Amino acid sequence: MKKILLTIIKILVIVLLITWMILFVVDYFRAKDGTKPLICLNESTVEVDEGTYYSCTSFGYKYYEYRLNAGGSKIGFGPSFIKNETEKELGL
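Using my numbering, you'd call the opening residue of the sequence shown number 745 and step up by one each time.
Hints may be right or wrong, so weigh each one.
Calculated cross-link-like contacts (lysine to aspartate or glutamate; reagent style EDC-like; alpha-carbon spacing at most 16 Å) [as the list claims (entries may be wrong)]:
#1 Lys827 - Glu809
#2 Lys754 - Glu794
#3 Lys818 - Glu794
Hints were generated in silico from the structure; no laboratory data involved. Treat the numbers as computed from the prediction; the structure is a model and nothing was measured.
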């Protein structure tokens with residue numbers, strides 16, 4: 745019985761890990777195209793002097809977009825637990 749339970753737990757962990765990896769890869773390529781991720785756990789939009797900063801946090805990673813009022817934008821994708829360069833520049 746204990747062996748069956750361990751096998752089920754191992755299979756669940758592997759399935760969750762594979763699902764997260766697929767979601768990460770899909771969202772990475774969506775970010776490269778300038779599209780929001782499939783799942784956003786936390787969204788925030790901040791108006792700053794030069795434009796608008798949008799951030800969408802998902803499962804361990806973050807999609808961010810900084811649109812300037814004068815035109816142009818910066819789009820990025822990275823870990824959610826580290827501030828990106830745009831956030832550091834804006835003081836967010």
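Now the hints, each set against the structure:
| no. | hint | result |
| --- | --- | --- |
| 1 | Lys827 - Glu809 | 13 Å, holds |
| 2 | Lys754 - Glu794 | 50 Å, violated |
| 3 | Lys818 - Glu794 | 12 Å, holds |
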